[in-house]
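Fit chain C to the known structure of chain D by using the hints.
Chains as they are written, first to last, in the numbering used here: chain D, 1 to 271; chain C, 1 to 100.
None of these hints come from the bench; they were simulated from the model. All values reported here derive from a predicted model rather than from experimental measurement. Think of the CB as a built atom: it goes at the ideal place given N, C-alpha and C, for glycine as much as any other residue. Be careful, since some hints might not be right.
Covered stretches of chain C (chain D as the covering partner; in silico rule of three or more C-beta atoms under 8 Å from a C-beta of chain D) [claimed, not checked]:
{"#": "1", "stretch": "21–30"}
{"#": "2", "stretch": "74–81"}
{"#": "3", "stretch": "84–96"}
The calculated DSS-like cross-link candidates involving lysine-lysine, where the alpha carbons are at most 30 Å apart (straight line), are [claimed, not checked]:
{"#": "4", "chain 1": "D", "residue 1": "Lys41", "chain 2": "C", "residue 2": "Lys86"}
{"#": "5", "chain 1": "D", "residue 1": "Lys160", "chain 2": "C", "residue 2": "Lys86"}
{"#": "6", "chain 1": "C", "residue 1": "Lys86", "chain 2": "D", "residue 2": "Lys122"}
{"#": "7", "chain 1": "D", "residue 1": "Lys156", "chain 2": "C", "residue 2": "Lys90"}
{"#": "8", "chain 1": "D", "residue 1": "Lys122", "chain 2": "C", "residue 2": "Lys90"}
{"#": "9", "chain 1": "D", "residue 1": "Lys77", "chain 2": "C", "residue 2": "Lys86"}
{"#": "10", "chain 1": "D", "residue 1": "Lys41", "chain 2": "C", "residue 2": "Lys90"}
{"#": "11", "chain 1": "D", "residue 1": "Lys231", "chain 2": "C", "residue 2": "Lys29"}
{"#": "12", "chain 1": "D", "residue 1": "Lys83", "chain 2": "D", "residue 2": "Lys97"}
Residue-level listing of the chains:
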Amino acid sequence: MRYIEPHGHMVSRTTDDYQAMALAGCAAICEPAFWAGFDRKTADGFYDYFCQLTQHEPKRAAKYGLPHYCWLCINPKESEDMKLADDVLALIPEFLKAKTVLGIGEIGLNKNTRNEMRILEKHVELAVQHDQLILVHTPHLEDKRKGTRLIMDVLKAAGKVKPERVIIDHVEEHTIGEVLDQGFWAGITLYPESKATPVRAVDMLENFASQRVWLNSACDWGHSDPLAVPKAMQEMRRRGHSAAAIDSLVYGNPVRFLSQSKNFRDPQALR
Amino acid sequence: MSDPNPLAGTPRRTRDQVADLHFMDARYKLLDLAAFLDRLEKATGPEDHRVRGLRAALPLLLKSGDDRVAQILHLWSDPSVAPIEKADTKAASGVWPGLQ
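Just chain D, with the same shape it has in the complex:
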């Protein structure tokens, strides 16, 4: 069965992962900019990273027949250094011209600090100025509920942000309802330990009626699983859900959201 991986940090993954995802039915991969596991010291480091995301990684994915898209930003974990963050923000408009950029992301908060908030506001302003979609990272664990609420306050305060053009990722059972109630899309991230498991994700899908939901693996350099979305699909099948229902969630929903970007092409239309 086909699916779209709407959030995978493929620069941290091997070619074996690309191969396994393609064999499992992946039809396209979207890669948000994120934290490398260590703090980059200079804007030049980000310039190289953005080149990797917009130029090199699409070529690597293409070897497995996979269209590769990306999102650009400086991750909230590196937003404490305001000077560095401002320098990186200044680089982004040039890269928005690339044909595989979907929007600004994954922006958001990590520890819910004032500096993170300021840089989040600047990212939102940049997205509005350039008419870009927004992909939001919400904080981890005990910081998630507070951070999710602060992020939604920033998005609403910006005034010109259309909620249907924003996906708030890494929702869990205590945040998904508020996110959907306010008109945003919600991303459920499937992680082996933190965030949601495939079983809990399917519970959430059975409990919340909204169509504004997608599933992603957010696979990266840490403990994560690039095949998490197909494993959630398997869980749906085990529970008796139809192939059409599963396709609607793991393929149709990402296509509906991402098609709001002029750069995204429905992979079905490309075949």
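Just chain C now, with coordinates in the frame of chain D:
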């Protein structure tokens, strides 16, 4: 909602069906939790705030209702609403340290 996601509210299953699908998974996880608590008994030093939070969540498992996961996540969440001035770490611990 006029166009709900196709999994919403369906299908209704019997408790036997749910147990057939997920009992063994829940069983081994409960035994792992018990083993973790046993391991803690044999360890020394003061109780970690994360373990305090875990113990505080256990009674919620025995309450009725269908929102135990959300209740536990709310229990472990930072209840404050204002941004903090500066972070002293990048990582979260899993349980708000102020939880009593």
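Which of the stated hints cannot be reconciled with the structure, identified by number in ascending sequence?
none
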